[in-house]
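The listed protein sequences derive, respectively, from chains A and B. Take our numbering: the final residue in the first sequence is number 613, and no numbers are missing along the way. Take our numbering: the final residue in the second sequence is number 493, and no numbers are missing along the way.
It is possible that some hints are incorrect.
Mimicking DSS-like on lysine-lysine, the simulated pairs with C-alpha atoms at most 30 Å apart in a straight line are [unchecked claim]: (1) B:428 with B:369; (2) A:534 with B:428; (3) B:454 with A:581; (4) A:368 with A:522; (5) B:157 with B:32; (6) A:29 with B:440; (7) B:454 with B:32.
Since the hints were made in silico from the structure, they are not lab data.
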Amino acid sequence: MVNPNIVWTAYFAPLVACVIITLFFLRSKNLSSLTAIAGILTSFACTIIMATDIFKTHPALEIQQSLPWIQFDALTINFGFLINPLAIMMMLVVTGVGSAIFIYSRGYMADDPSMPRFFAFLSLFAFSMIGIVLANNFIQLFIFWELVGLSSYLLIGFWYHKPSAADAGVKAFMVNRFADFGFLCGIIMLWALSDIGQGRSFQLTDIAAAIPQIDPHLLTIAALLLFCGVVGKSAQIPLHVWLADAMEGPTPVSALIHAATMVAAGVYLLARTFFIFEPLTTALTVIAYVGGITALMAATLAVAENDIKRILAYSTLSQLGLMVMALGLSGPMPGMYHLTTHAFFKALLFLGAGSVIYALHHEQNIWKMRGLLKTMPITGITFLIGTLALCGIFPLSGFWSKDEILALAFEHNTLLYWIASLASALTAFYMGRLFWIAFWGEPSKNDHAHESPTIMTFPLIFLAVLSIIGGFIGIPHFLFPENEHPHLNMRVAIISSVLAILGLFVSFVMYSKRPAVDPLEKKLGPFYSVLKNKYYFDAIYGWYVDRLQQGIAIASAWFETLLIDRFGVGGLISAANATGKILKHLQTGMVQFYALVFVLGTVVVYFILLKTL
Amino acid sequence: MILNLSLFLLLPLVGMATIFMIPAEKSALIRKIACLTVFVVSLLSVWFFSAYNSAVGGYQFIQNIPWVVPFNISYHLGIDGISSMLILLLGITSFAAVLISGGIKERVKEYYIMFLIAVAGTYGAFLSLDIFFFYFFHEIAAIPIFLMIGIWGTGRKEYAAMKLTLYLVAGAALALIGLICLYFATGLQTFDLVQIQSHLANHPIPTEIQNWIFPLIVVGFGITLTLWPFHTWAPVGYAEAPTAVSMLHAGVLKKMGAYAIIRFAIQLMPEAAHTWMPIIAVLAVVNIVFCGLVALTQRDLKYILAYSSCSHMGYILLGLACFNIIGLNGVVYLMFAHGIMATLAFALVGFIADQTKTRNIDELGGLVKIMPFVGTCFIMAALASAGVPGFANFVAEIMVLLGAWDQYPIQTVLAILGIVITAIYMLKAIRIGFQGPLPKRWEKLTDAETLTAKLPFVFLLAVLIVVGCWPSLLLNHIGSSTKPIIENIVSKN
Numbered sequence: 001m002v003n004p005n006i007v008w009t010a011y012f013a014p015l016v017a018c019v020i021i022t023l024f025f026l027r028s029k030n031l032s033s034l035t036a037i038a039g040i041l042t043s044f045a046c047t048i049i050m051a052t053d054i055f056k057t058h059p060a061l062e063i064q065q066s067l068p069w070i071q072f073d074a075l076t077i078n079f080g081f082l083i084n085p086l087a088i089m090m091m092l093v094v095t096g097v098g099s100a101i102f103i104y105s106r107g108y109m110a111d112d113p114s115m116p117r118f119f120a121f122l123s124l125f126a127f128s129m130i131g132i133v134l135a136n137n138f139i140q141l142f143i144f145w146e147l148v149g150l151s152s153y154l155l156i157g158f159w160y161h162k163p164s165a166a167d168a169g170v171k172a173f174m175v176n177r178f179a180d181f182g183f184l185c186g187i188i189m190l191w192a193l194s195d196i197g198q199g200r201s202f203q204l205t206d207i208a209a210a211i212p213q214i215d216p217h218l219l220t221i222a223a224l225l226l227f228c229g230v231v232g233k234s235a236q237i238p239l240h241v242w243l244a245d246a247m248e249g250p251t252p253v254s255a256l257i258h259a260a261t262m263v264a265a266g267v268y269l270l271a272r273t274f275f276i277f278e279p280l281t282t283a284l285t286v287i288a289y290v291g292g293i294t295a296l297m298a299a300t301l302a303v304a305e306n307d308i309k310r311i312l313a314y315s316t317l318s319q320l321g322l323m324v325m326a327l328g329l330s331g332p333m334p335g336m337y338h339l340t341t342h343a344f345f346k347a348l349l350f351l352g353a354g355s356v357i358y359a360l361h362h363e364q365n366i367w368k369m370r371g372l373l374k375t376m377p378i379t380g381i382t383f384l385i386g387t388l389a390l391c392g393i394f395p396l397s398g399f400w401s402k403d404e405i406l407a408l409a410f411e412h413n414t415l416l417y418w419i420a421s422l423a424s425a426l427t428a429f430y431m432g433r434l435f436w437i438a439f440w441g442e443p444s445k446n447d448h449a450h451e452s453p454t455i456m457t458f459p460l461i462f463l464a465v466l467s468i469i470g471g472f473i474g475i476p477h478f479l480f481p482e483n484e485h486p487h488l489n490m491r492v493a494i495i496s497s498v499l500a501i502l503g504l505f506v507s508f509v510m511y512s513k514r515p516a517v518d519p520l521e522k523k524l525g526p527f528y529s530v531l532k533n534k535y536y537f538d539a540i541y542g543w544y545v546d547r548l549q550q551g552i553a554i555a556s557a558w559f560e561t562l563l564i565d566r567f568g569v570g571g572l573i574s575a576a577n578a579t580g581k582i583l584k585h586l587q588t589g590m591v592q593f594y595a596l597v598f599v600l601g602t603v604v605v606y607f608i609l610l611k612t613l
Numbered sequence: 001m002i003l004n005l006s007l008f009l010l011l012p013l014v015g016m017a018t019i020f021m022i023p024a025e026k027s028a029l030i031r032k033i034a035c036l037t038v039f040v041v042s043l044l045s046v047w048f049f050s051a052y053n054s055a056v057g058g059y060q061f062i063q064n065i066p067w068v069v070p071f072n073i074s075y076h077l078g079i080d081g082i083s084s085m086l087i088l089l090l091g092i093t094s095f096a097a098v099l100i101s102g103g104i105k106e107r108v109k110e111y112y113i114m115f116l117i118a119v120a121g122t123y124g125a126f127l128s129l130d131i132f133f134f135y136f137f138h139e140i141a142a143i144p145i146f147l148m149i150g151i152w153g154t155g156r157k158e159y160a161a162m163k164l165t166l167y168l169v170a171g172a173a174l175a176l177i178g179l180i181c182l183y184f185a186t187g188l189q190t191f192d193l194v195q196i197q198s199h200l201a202n203h204p205i206p207t208e209i210q211n212w213i214f215p216l217i218v219v220g221f222g223i224t225l226t227l228w229p230f231h232t233w234a235p236v237g238y239a240e241a242p243t244a245v246s247m248l249h250a251g252v253l254k255k256m257g258a259y260a261i262i263r264f265a266i267q268l269m270p271e272a273a274h275t276w277m278p279i280i281a282v283l284a285v286v287n288i289v290f291c292g293l294v295a296l297t298q299r300d301l302k303y304i305l306a307y308s309s310c311s312h313m314g315y316i317l318l319g320l321a322c323f324n325i326i327g328l329n330g331v332v333y334l335m336f337a338h339g340i341m342a343t344l345a346f347a348l349v350g351f352i353a354d355q356t357k358t359r360n361i362d363e364l365g366g367l368v369k370i371m372p373f374v375g376t377c378f379i380m381a382a383l384a385s386a387g388v389p390g391f392a393n394f395v396a397e398i399m400v401l402l403g404a405w406d407q408y409p410i411q412t413v414l415a416i417l418g419i420v421i422t423a424i425y426m427l428k429a430i431r432i433g434f435q436g437p438l439p440k441r442w443e444k445l446t447d448a449e450t451l452t453a454k455l456p457f458v459f460l461l462a463v464l465i466v467v468g469c470w471p472s473l474l475l476n477h478i479g480s481s482t483k484p485i486i487e488n489i490v491s492k493n
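Bound conformation, chain B alone (with noise of 0.2 Å):
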C-alpha cells in the first residue's frame, strides 16, 4: 500500500525542509507551502479514518520496525477506532488554524515551521503504538507551543509560555514515572503496547504495583486536561496564546491527557481503575461547577472560553470513572465534539481581538449588528458549548450523564447542573458582548467578508451540526475500540 500512517510525520517535515529553504521574505508562498501541507495531511487523516474498518476494530494499518533492540523500543505505528477520530479532529483543527493564521506578519518562516513539528508531532502521538515514541512525540509537540505562545503571543506572553509548559512537563514528568514503573513491572521490559495488552490479558500486574503506578500516569496526564486543581495554566496559557495555538492546544493537545489515561491506565490497570476512578469522579465534578463559577466572573472572552475548557473536561474525566460503554463512548465522543467547538469559539474570538485589539466583553457591544456573520456563528458555538441540541457536544453530554448515573447519581446531578452553570456564562458572554446597542468606535469593524475568511467559520460549524445529527457517523468506529477496553475492566471488578 502506498499510503501509509507514516506519511503523517513526513509530510510535515518535507514541508517543512520546503520552508526552511525558502527566503523569509516570501512570506506568502511559504504560507501557501504550509497551507497545502497541512491541508494534504488533513485529507489523509480524512482518507485514514473512513478507511479504518470498524467491523474489524482493533489496531489497523500496522508499521512496526525495531529501534532501539535492547530496551525493546520499536516505531511502531497504528490506529484503532479512537486514534482514527482523534486523527481526523486533528485534521479538521490544524487546517482551520493553518487558515486563521493568515494575521501573522512578523517571522511567518519560523511560525509556519513551529506550527509543522507541533501537528506532526501531536499525529504522532496519537499513532504510537510504542509508549516511548508516544511520550517522544508528545514532548516534540509541546516545544513549539512553548515558543508560539512566547514569540506570537500577546500581553503577558512570556508568563503565559513559562507557566502552561512548566505545568505541563511537570505532569509529563510525573507521567513518565509511571510509565517506566509499567515498563518493569509488566515484566516483558517493552514500551511496544500491543505487546503489553495482550500480555496483561493473561498476567495482570499485582493490584498493590497497579495502585502505586496508575496516579501518577492518571494525575499527570490528568494535568494536560486541566484536572482540577491543576488546571490554572490553562486560561493564562489560552489568553495569551496567538490564536492558532489556542486552537489547536484547546482543541486538540489537551485531549493527549485522556487519550493517554484511556490508553495507559485503565485499559492496562483495570484493578487500580476502580480504586482510583471514584475520586477523580469526584474531582471532576470540581471541574465542572467550580471552573464553570470561575467562568461566571470573567470579562475577558477567552478567558471565559479558556475556564468554560476546564469545566467541559469534567465532563471527559467524569465519563472516564464510569467503567461503561455508554460513559466512555461519550467520552470519546466529547473529545471530538469539544476539540471542534473550542477550535471554533477560539478561531472566532481571535478574529474579533484581531480588530478590536481587546476581549473585553465590557468593552465590546452589539458586535452582531457589524459583523452578523462572525457574530451568529460565535453565538452558535457558545451554543453548542451549553449543550444545546442539534452540535455535537449534546450528544457526547447526554452519553457521559447516562453513563454516570447508576455509580454516580449526585456527581451526575450536579454534572446536570453544570450545564446550567455554562448556559449562564454563555448568553451573558453573548448579551454584553455581542447584543445590545453597537458603540461609536467599534462602527468600523468588518465582517468575515470573502469565501476564504469564512470558510474555516462554516466548515467547523458544518462538522459540529452533522456530527450532532448523525452520531452513528462517528460511534461505530468508537465502539469498535471501547467496547473491548469496557469488558476488560468489568472482568476485573
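Same shape as in the complex, but just chain A (with noise of 0.2 Å):
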C-alpha cells in the first residue's frame, strides 16, 4: 500500500523548494542550487519508495485521494492523486531524468550571475509536471498544464535581455496559449456530458465510468478538442513551430523540458485518458496521421540544420511524432515505452550538446565543431551512445521501443509503417551527419575544448548507462502488467536495423571527410531552401500574426475612435449642443419674462393639484 504522505511530498518537495530560494536564497548562487537539488531529490527518492511499493502488492492498483479545492452544490474541484503504473513510470522518468539535470545545471550554470532565479524556476517546472502526472481530474491537470507552460515561458526567456530568447518564450507561450483554447473547450464539453445520473465530474475515474453512455458523435468532437492540447504541448504538426525555437533556453533547460519530460507530457495525457480515445475510431485515425505526418516532417528539417540543439529539436518533434502516432494506432504500451526511452537517451543527447557549447564557450554550430570525440572523450562517447540509442541499433533502449512502435504501425496501417520507417531512417541519417562532423576527425590545432567538469560528466554517464539498459528493465511490464510480454517482432526489426546502420553509413560516406560545402545542398536542389525555410510554416503564421491579427485590432481600434466616439459621443454632444442652442433663447435676460413663466408655471402646477385631488 502507497503511503498518501509520500505522495504528497513527492508532490510538494520541489515547490517547497521554489518558495525557499524565493523567499531566501535569490543571492546565493550555492543555497539556492543546493535547495533544489534537494528538493527533486526527495521527489526522486518518494517515487521509487511508491514504485517499490506498488509493485509489491499489486500491480494495476490504482490510487487515488481527493481534496475538494472548490466546492458548492453544483460545482466539486479536487486536488488529488490518482497514481496507477503509469503514473508512477512517468514519475521516474520526470523526478530521475530531473534529477540528473538539476545536477548538472549547478556545473553548467556556474558562471551565470542570475543562477538562482533559474534553479527557482526549474523547481516551478519540477512541481508543475509532476502536478500533470499525478492529477486525478481535468481542471487540476489543466491548472499545471497551464503552470509547465508558464515555466517553459520563463525559462526559454531566461536570458530576457537578449531579443531572440525573449521572442522566443513569447512564441512557445502564444502557440500553447492556441492549443490550450480547444483543450480547455474540450475538459469543459467533456465536464458538460460526464453526467450519468450522479451530476458533473472532473474526475478521470468518473468520466472513465460515463464514457460507454455518451453519444459518440460529441465524444469525438470533445476528444479532438482535448488533443489540441496535446498538439501544442507535444508540438506536433501545425502547431510544431515553437519548439525549434525553444533551443534559446539554456541548454539544461532544453533537456528537461523540451525534450524528456514537458514535450512528453502530451503523449502522457493520451495514454492516461486512453479510455476516452478508445472507441473513437475517427478521432485516433487523425491523432495517428498527425503523429506519422510530424515525425516525417520534423526528420527531414533536421537533415538540412546546422545548429546542434536545432537539430535535436527537430528530432525530438519526431520521435514525439512516433509516440503520437503510437497512441493513434492504439498502441498506449508501446508509445510510453518509447517516451521512457527516449528521455534517457535525448536528455543525454542534450546534455552532451550542452556539455560541448559549454566547452567552446556557446558555439551551437556544427560546422564551427570537429573531433570533440578526441578532446572531451565522456562527452564523446556519450553522446555516440546516445546517438546509437536514438537511431535505434540493437541492443540498445531506443531499438526495442522503436521496435514496438514500427510493429503495431506494421500490424494495422502500412502507409503509417512506412512514413514512419523512412523517418527512422533519416534519423539515422542527420544523427550520423551531426556525429561524423562535429565529433569524428582530428581537432583542430587551436582548439582549446577541454572535458567539462565532473558535476557534468557524471549525469551523462547515469544517462548513458539508462540508454543502453533501458530495453532489459522491463519496463513494458510494469506500464501494463496484464499484457502479455511483448515479442520481437524480426520482420520489422530486421528492416529498422538495415534502414538505420544504411542512414548512418550514407551520412560516413557524404560527412566523414567534412566536405567545405554541405553537399547536401547541391542534391537536393530547391527543396534544399524549402528545407530551410521549414515549409514556411513560420512565414505563414508570421503573416497572421503580423497583417491579419494586427489588421483585425486596428480595424476594432478605428472603429472605436470614429464610431463610437466620434459619431456616437460626439453625435450626442452636438445634440446637446444644438438643443443649447435653441433653449438659449429663452434666456432673454428680462426679469418680466421670467416672471411671466414663473407665474404660468405656478398656475399649471396648482391646475394639476386640483385636478388631482
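Reconstruct the complex from the two isolated chains, following the hints.
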C-alpha cells in the first residue's frame, strides 16, 4: 500500500524548494542550487518508494486521494492524485531524469549571475510537471498544464535581455495558449457530457465510468478538442513551430523540458486518458496521421539544420510524432515505452550538446566543431551512445521501443509503417551527419576545448547507462502488467536495423571527410531552400500575426475612435449643443419674461394639484 | 457591540477633520494621518469580513435608523457575503493606494481629503441597505474622483476628468430613473432593500413593468462597468488619472456597477432578467473580444491595462447572464480577483512612469534588468490577468466559463478565445517594455528598494496568490449570498 504522505511529499518538495529559493536564497548561487537539488531528489526518493510499494502489492492497482478545492452545490473541483503504474513510470522519468539534469545545471550555470532565479524556475517546472502526472481530474490537470507552459516560457526567455530568447518565450507561450483554447473547450465539453445521473464531474475515474453512455459523435468532438492541447504541448504539426525556437533557453532546460518531460506530457495525457479515445475510430485516425506526418516532416527538417540544439529539437519533434502515432494506432504501451527510453537518450544528447557548448563558449554551429571525440572523450562517447540509441541500433534502448511502435504500425496501417520507417532512416542519417561533422576526425590545432567538470559528466554517464539498459529493465511489463510480454517482430526489426545502419553509412560517406560545403545543398536542389525555410510555416504564421490579427485589431481600434467616440458620443454632444442653442433663446435676460413664465408655471401646477385632489 | 458598520464612515470623517485642521505645509504629517486612517479602516474591513458568519448568511451587523420618515428613507447599514467581500477588497485596495500616493507633492492636504471622501463614499455604497443611501454614497464617491483626475492627473487630464464624470453621471441618472420607478412599482413606496426584498418574494412586480425598469438599471450601472459600447470613458480616464485613482477606480469603484446590477436588477426583478440578460451576454462577449483587440493596438501601458480591464468586465457580464450559482459565484470572485490585479498593475505602471515620464512601451524596454523587483511584479500581474492558474483570476474565470457553457456555448467559446487575446497583448507588452536590451537612457532608473516601497506590491501579489490557491477563503462568503439569489431567479423561470 502506498502511503499518501509519501505521494504528497513527492508532489510538493520541488514547490517548497522554489518558495525557499524565492524568499531567502535569491542572492546565493550555492544555497539555491543545493535547495533545488534537494527538492527534486526528495521527490525522486519518494517516487522510488512508491514504485516499490506498488510493485510489491498489486501492480495494476489505482490509488486515489482527493481534497476538495472548490466546492459548492453544483460544482466540485478536487485537488488530488491518482496513481497507477503509468503515473509511477512517468514520475520516475520526471524526477529521475530531472535529478540528473538539476545536478548537471549546477555545473552548467555556475558562471551565470542569475543562477538562483534559474533554479527557482526549474523547481517550479518540476512541481508543475509532477502535478500533470499525478492529477486526478481535468481541472487540476489543466492548472498544471498551464503552469508547465508558464515555467517553459520563463525558462526559454531566461536570458530575457536577448531579443531572440525573449521572442522565443513569447512564441512558445502563445502557440501553447492557442492550443489550450481547444483543450479547455474540450475539458468543459467533457464535463458537461459526464453527467450520467450523479452530476457532472472532472474526475478521471468518473469520466471513465461515463464514457460508454456518451453519444460517440459528441465525444469525438470533445476528444479532438482535448487532442488540440496535445498538439500544442507535444509540438505536433501544425503547432510544432515553437519547439525549435525554444532552444534559445539554457541547454539543461532544453534537455529537461523540451526533450524529456514537458513535450512528452501530451503523449502521457493521451495514454492516461486513453479510455476516452479508445472507442473513437475517427479521432484515433486523425491522431495517428498527425503523429506520422510530424515524425516525417521533422526528420526532413533536421537534415538541413546546422545548429546542434536545433537538430536535436527536430529529432525530438520527430520522435514525439512517432509516440503520438503509436497512441493513434491504439498502442499506449509502445508510445509510453518509447517516451521513457527517449527521455533517457534525448536528455543525454542534449546534456552532451550542452557540455560541448559549454566547452566551446556558446558555439552551437556543428560546422565550427571538429574532433570532439578526442578532446572531450566522456562527452563524445556518451553522445555516441545516445546517438546509437536514438537511431535504434541493437541492443540499445531505442531499438526495443522503436521496434514496438514500428511493429504496431506494420500490423495496422502499412502507409504509416513506411512513413515511420522513412523517418527512422532519416533519423539515422541526420544524427550520423551531426556526429561525423562535430565529433569525428582530428581536432584543429588551435582548439582549446576540454572535458567538462565531473558534476556535468556524471549525469551524462548515468543517462548513458540508462540508454543502454533501458530495453532490459522490464518497462513494458511495469507499465501494463496485464499485457502479455511483447515479442520482437523479426521482420520489422531487421528492416529497421538495415535502414538505421544505411542512414549512418550514407552520412559517413558524405560527411566523414568534412566537405567545405554541405553536399546536400546541391543534391536536394530547390527542396533544400524549402527545408531551410521550414516549409514556410513561420512565414505563414508571421503573416497571420502581423497582418491578419493586427489588421483586425487596428480595424477594431478604428471603429472605437471613429464610430463610437466621434460619431456616437460626438453626435450626442452635438445634439446637446444644438438643443442648448435653441433653448438659450429662452434666456432673454428680461426679468419680466421670467416672472411671466414663473406665474404660468405656478398656475399649471395648481391646476394639476386641484385635478388630482 | 463597539465595532459597528458606521465606523467605516465615521473614521474617514475623523481623519478628514484632523487633516483639515493641520496647516498645509506639514505635508508629511498629513500623509501619516491619512495612511493611519486608511490602515485602521482597512483592518476594520478585515475584521468584518472574518466576523461575517457565512453559515447563517443573510444581512448581518445591521444598523437601522429612520431618517426621512415621510419617504420611508432610513440610514440602514448591513453586509451580506458579497458586500463583506467587497469591503475587504476596498480595504486592501485603498490601503495600497494610500501607500502609493507618496509621490504626490502638490496640494497634499486637498489630495488626502479627497481621497478619504472617495474611500468613505465607496464604503457607504457597499454598506447601504437603503437604495437612496446607496445612490447618495455612490455619487459622493464620484465627486472627489472628478477633482482628483482634473488636478493631479497627467496629460489630457481635464478632458479625461470631464469624459469620465459625464459618462458616469449619465449612467447614474439613467439608473436613478429606474430606481425611482422601482420605488413606486413595488407599491411599498420605500427605498429599503430588505423590506422590498421580503415584499417581492410574495408580490413580484408585474413582468411588463419589470421589463421597462430592468434595462434602465442594467445599462445605467453597466456604464460604470464599462458595458460596450459605453466603455470609452475608461481608457482615457484611467490613463490620465493619478495612480491612486486608477487603482481605486479600476479596482473597486467600477465594481459598484456589477454590485448594483446584482442587488437591484437581478435580485429584485428576476423575470425581466430572463428577458434581458441574454442580450447582455452578447454584449459581454463584444466587451471581451472587441476591447481585447483594441488593447492589442495600444502602445501606452495604462491604455493597455484600461482596455484589458474593459475586456475583463465582459466575463462579469457574461457570468451575470448565466442564472446559475457557478456563474454568479464566478462573477463575485472575479470582482475581487480583477480588483486586486488591476490595483497592482496600475500601481506598478505608476511607479515606472513616475521615473520614466513615459508609459509608451516602444520607448521603454529591458526594464526587468534595471528594476528586477518591479518588473517581476508587473510580469506576474500581467500573467494573472491572462488567467494563468495560481492567481485568483483563473479561479474566477473558470467558474464563469463553466457557468455559461450550458446556456451560451458560443459566447463561452468566444470568451475562452478572449483569454488567448489577453495573453497576446500582455505578453507583447512584457516583451517590448520589459524584456530585450536596456536602452541607455534608462540605466539610471531605480527599483523599489526599501521595504515600504515594496510593501504595497508584495501585499497585493500575496493576496492574489493566496486567493488563487485557496478559493474557499472567499467562496463560503460568496456562496452564502449568491445561493438565495439564484434560487429566487430559477424559481421565476
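Hint check:
Annotation: proposed proximity of residue 428 (chain B) to residue 369 (chain B) holds, straight-line Cα distance about 17 Å (limit 30 Å). Pair hint residue 534 (chain A) plus residue 428 (chain B) holds up; C-alpha atoms about 25 Å apart against a cutoff of 30 Å. Taking the CA atoms of residue 454 (chain B) and residue 581 (chain A), the gap is near 54 Å; set against the 30 Å cutoff, the hint is violated. Proximity of residue 368 (chain A) to residue 522 (chain A) is assessed by CA-CA distance (about 21 Å); at most 30 Å being required, the pair is judged to hold.
Simply put, residue 157 (chain B) and residue 32 (chain B) have alpha-carbon atoms about 27 Å apart, close enough for the 30 Å limit, and the pair holds. Our distance criterion of 30 Å between C-alpha atoms is met by residue 29 (chain A) and residue 440 (chain B), whose separation comes to about 29 Å. Annotation: proposed proximity of residue 454 (chain B) to residue 32 (chain B) holds, straight-line Cα distance about 18 Å (limit 30 Å).
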